[in-house]
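Novice: Dock chains B, C and D against the given chain A, drawing on the hints supplied.
Residue numbers (the numbering used here), protein chains in the order written: chain A, 304 to 627; chain B, 304 to 627; chain C, 304 to 627; chain D, 304 to 627.
Rather than coming from a laboratory, the hints here were simulated on the basis of the structure.
Be a bit skeptical, because a hint or two may be false.
Since the list gives no way to pick one copy over another, a pair counts as held whenever it fits inside one copy or between any two copies.
Result set (DSS-like, lysine-lysine): computed pairs, CA atoms no more than 27 Å apart in a straight line [said to hold, decoys possible]:
#: 1; residue 1: 610; residue 2: 543
#: 2; residue 1: 377; residue 2: 539
#: 3; residue 1: 305; residue 2: 538
#: 4; residue 1: 305; residue 2: 515
#: 5; residue 1: 538; residue 2: 377
#: 6; residue 1: 612; residue 2: 306
#: 7; residue 1: 517; residue 2: 588
Listed here are the chains, written in short residue letters.
Number of protein chains: 4
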Amino acid sequence: MKKIAVFTSGGDAPGMNACIRAIVRGAAYHGVEVYGIVRGYNGMIKGDIIPLNSQSVSNIIQRGGTILKSARSKEFMTSEGRQKAYDQLKEKGIEGLVAIGGNGTFTGAEIFFNEFKIPTVGAPGTIDNDLYGTDYTIGFDTAVNTALDAIDKIRDTADSHDRVFFIEVMGRDSGYIAVQCGIAGGAEALMIPENLTPVDDIVSILNNGFAKQKSSSIVIVAEGDEEGNAQIVAKKIKEKMGNMIDIRVTTLGHIQRGGIPTAYDRILASRLGLGALEGLLRGEKNVMAGVINNQLVYTPFHDTITKKKPVSEDLIRMVDILST
Amino acid sequence: MKKIAVFTSGGDAPGMNACIRAIVRGAAYHGVEVYGIVRGYNGMIKGDIIPLNSQSVSNIIQRGGTILKSARSKEFMTSEGRQKAYDQLKEKGIEGLVAIGGNGTFTGAEIFFNEFKIPTVGAPGTIDNDLYGTDYTIGFDTAVNTALDAIDKIRDTADSHDRVFFIEVMGRDSGYIAVQCGIAGGAEALMIPENLTPVDDIVSILNNGFAKQKSSSIVIVAEGDEEGNAQIVAKKIKEKMGNMIDIRVTTLGHIQRGGIPTAYDRILASRLGLGALEGLLRGEKNVMAGVINNQLVYTPFHDTITKKKPVSEDLIRMVDILST
Amino acid sequence: MKKIAVFTSGGDAPGMNACIRAIVRGAAYHGVEVYGIVRGYNGMIKGDIIPLNSQSVSNIIQRGGTILKSARSKEFMTSEGRQKAYDQLKEKGIEGLVAIGGNGTFTGAEIFFNEFKIPTVGAPGTIDNDLYGTDYTIGFDTAVNTALDAIDKIRDTADSHDRVFFIEVMGRDSGYIAVQCGIAGGAEALMIPENLTPVDDIVSILNNGFAKQKSSSIVIVAEGDEEGNAQIVAKKIKEKMGNMIDIRVTTLGHIQRGGIPTAYDRILASRLGLGALEGLLRGEKNVMAGVINNQLVYTPFHDTITKKKPVSEDLIRMVDILST
Amino acid sequence: MKKIAVFTSGGDAPGMNACIRAIVRGAAYHGVEVYGIVRGYNGMIKGDIIPLNSQSVSNIIQRGGTILKSARSKEFMTSEGRQKAYDQLKEKGIEGLVAIGGNGTFTGAEIFFNEFKIPTVGAPGTIDNDLYGTDYTIGFDTAVNTALDAIDKIRDTADSHDRVFFIEVMGRDSGYIAVQCGIAGGAEALMIPENLTPVDDIVSILNNGFAKQKSSSIVIVAEGDEEGNAQIVAKKIKEKMGNMIDIRVTTLGHIQRGGIPTAYDRILASRLGLGALEGLLRGEKNVMAGVINNQLVYTPFHDTITKKKPVSEDLIRMVDILST
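Only chain A is shown next, with the shape it has when bound in the complex (with noise of 0.2 Å):
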């Protein structure tokens, strides 16, 4: 394999630029061309592709977002978007793809390379963890520390006004930054899709933090709860418990996608990469690069969309002892 391409593609995460960097470098060093397709499958079908070397990747393994930008591609759903975006990598040469993104970058990997055989090996780039093959992918331990932050930030406030705080964060249909967040950032009580935790629950859960003279409390809320996201939940809450509670809601939103990346980041980022570059270079086709108990491995695509990797149960149940 001579020459390949790389590109980015779903929601952009903290990291994704290590990535890019780590795979351009890791083709410079094993004597490969490399090319950046710009804005995912929409710059393939349009031959949007542009040369990159060492120089093209230097001074961006600190920024956030990703230079080769993403997009969503309705063309690539349909068999002739397809059919374009091959005509052009064909025409470019490039015989070897790395995909780096999340769920819907790897189905599209998946149907793309079972009708066109160009060999494609993922990374796994999504601040939402909800990848099965890799223990943590590309971008979340930024974004738990970037929502680390804005809760300490309302806790000051929680606690000069004796106040319930609701804080809504990220994760689709995933409580792994939920989980995350409530154990770093002391949470009286979580919510999060994996484990259905009733309205009740939460306001026994409050009254007891009342009864120990605790005046403030924070309850992170994972935007998929089944409850209904945070200001949700926050009215029911209010109606059951009235004024003894001074609520507030916040949704994090968008903050926790972008940012400078954590050390972690940077370095699963460049490791994830050179992985799924030296995959490539030795055949694999098909998989995610993935690093599970500090092992590199390679999962089918097929299996990181299909299948559901639990949030662990002990990590759930540290919540409950340490709001003790």
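Specialist: Leaving out everything else, chains B, C and D in the frame of chain A:
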């Protein structure tokens, strides 16, 4: 004056603890006994008043929130409530007060002074910077930097996805936070209460940007804007521009109130705390300490709450020029 | 076991407070009385032992340092000293200990256990990550991120002035912090104790960089490197390269020990604190709790202090490839 | 004036990029062509001069360092060098200059102006805040906050170990950074060049602290202090106090020069950049733009480099009172 008390009231602001520390240490330096009233006017009514000394305020200069806590007090709005408060102070032998807070705090302080003549000097503590009588208030610089940090993160995503972000910042009726965030955050446009910006102007600015291949844009919206908050404004823009743009909205919310105070806020808070204390000891009363053009000044409470401090036209003009 | 005590010893590390909190809350959860020993073995000898409860550890999860303080104790190295310490524990009815610290702490704990048989379980708290029996130690992730933040800042200057910076990071005899900083900081070269890098190799790397028009470079030097610390190494390089390069040296120093713990460190500290406590209650003794491959494990003190945990060769290789 | 150029010179400072951006965008707004000179006077001599437009300065407002790079130029100190520089400017048709830098930059600018009469206006860019003609310089606020963040971290360790830390901050011949860090960092003592503090006074302050059971202390030492730098001062203190205290020394070093600029620095830099540009276009020459008491002012280069801006006595007094 041999015995004074300090309290915080209204919304908490980063630097309030640095201010409390300066008052307590300053009192120790001047040989004056100092008490802390817990939860503002509420604690005054209940007699929740504790002795403070130099040790009590060790290691708090860097903490957000307020160690004396804050609360709304409906009872203090009644003359019975204020009588109780006065009785408590008299019983404890408190001869003077330092009040740290904003509009509401000083409104209460003025009424109380007029009724009971206990000398009171204020220190302006609010992130909104909406008080006449000081260039800046305690907490403003930290709030702006917190919002800016969030804006920097969001720009990573805006840029990666070619999106337009409407970001709502705090400030109540004042556009101070928004203006500073607009300049420092490199925003394309600004919507503040002081300066009606029609939605059509925003549409023009965004269209001009597209014409210049500017793929992402940030619009800062002050929470008090006449055109409605960020969600409403964004909806109006979307109706006018349709599918041309990919809009996202983020309301920064309560993170702007907390956090480690910046150097500027710690120094300003220390200076204002000491200034309020030393003013009180020298005979000032019914006034707020402020810093205007680097000079310590005292302004009657009445003026601080009734006069309007305008946002600098120069700064508003800068947003236009710098987004060229 | 109905009454236990916890203490911190050796250099402080961010996350120690989160660990103390987990032990205290865990003890409350399991109905066990818990005490805190102030200033490590020193406080044990002097009987400086205080009761702790859930409230005592409120709002400390985010604080650097250790609320139980830490100190060196020469007296504990004598058998008279240890006898006094034992007498104090006996008098208070302490039946088990949780020790948070590093090498020196566990060396003392092992001797003490062998003499007096008080069950002791350790939690690894040191920024150096030099303990066998756990993948990571409490404080390591924060120290790496602190060093990385400094490296990012220094790169701004290195880049603006076309300079080469030698940056010395902590880690005692271990290159863990240096390796992670090397990868995450995008360093051109790395000098660590585990892996002798001759000064001539650094000269080659820098010369290669110049040949590729790389105008600035960063070399990370672990404090324990055999070629000497950063100042000495830089001097040797300067002698060999002369006026070709503009070299600066920075020793990051004590900032690496403090600061708000990262999410990773708070969660690891909580998990290890709870793991140490629950191990102790289940009958573990003379062992350190650790996390290897996401599993809680217990390793004899003797092994933790005598066996060497190697730095991953994969990581060292990554620095070479990524600086291509 | 239809064609101007901008350059940065001397030590880099956070906010220089925001200043460049304001000059370039301001020039676009006023319909003036603008060039960037790379590596200061060096690039002027070599003709390393590039066209800039609004797009060139996108997304740099938040970056530390300077995109135009900086360098010392020995050749510019010779009249042959300056003649070459002038020839280059003439050839390119440059009619005016904006110089961003400090003392050395403006010394060069004044000589150059006197010889060749090319109108030049300066913007004060240096972390040291040692320029007469402006209350604050670009980069100062960021440097203080960076140093303060380090001091906060070190206090965690100082407090945990009952230690005295001597922390050396930058500032060349000026104590500005030190004074602000002293107040905001809650230091026990301060040693600055403007105000000789004998070592014996520091000994007294530390002894008084011990008498009040203050177990840890922080002394801020400006790099230019007459009693010698932090290492030397600490040694003298140790000789006088012996084993009574556990002293550590940290020199913060180059981290103070880099990093993401604060809101204050971005706004000040934008204002001064625009002010310098618009001054130049209106006919100002041989002056530096500054902000004094919130007003834009222009001060002759000669005064900015020869007159001394004193550190406020009020601030120095505050360190004493607040460490009570």
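Novice: State for each hint whether it applies.
Specialist: Quick rundown of the hints versus the structure:
Within a single copy, residue 610 and residue 543 get their C-alpha atoms no closer than 38 Å, and across copies no closer than 42 Å, so neither meets the 27 Å cut-off. Proximity of residue 377 to residue 539 under the C-alpha cut-off of 27 Å is restricted to the inter-copy arrangement: shortest distance 26 Å between copies versus 38 Å within a copy. Within a single copy, residue 305 and residue 538 get their C-alpha atoms no closer than 59 Å, and across copies no closer than 43 Å, so neither meets the 27 Å cut-off. Only between protomers do residue 305 and residue 515 lie at most 27 Å apart by alpha-carbon distance; the minimum there is 22 Å, versus 67 Å within a single protomer.
With identical chains, the CA atoms of residue 538 and residue 377 are at most 27 Å apart between copies only, with a shortest distance of 24 Å across copies and 37 Å within one. In the homo-oligomer, the alpha carbons of residue 612 and residue 306 never lie at most 27 Å apart, since the shortest distance is 34 Å inside one protomer and 39 Å across protomers. For a Cα distance limit of 27 Å, the shortest separation of residue 517 from residue 588 qualifies neither inside one copy, at 55 Å, nor across copies, at 35 Å.
Violation of the numbered hints given earlier is confined to hints 1, 3, 6, 7; the remaining hints are satisfied by the structure.
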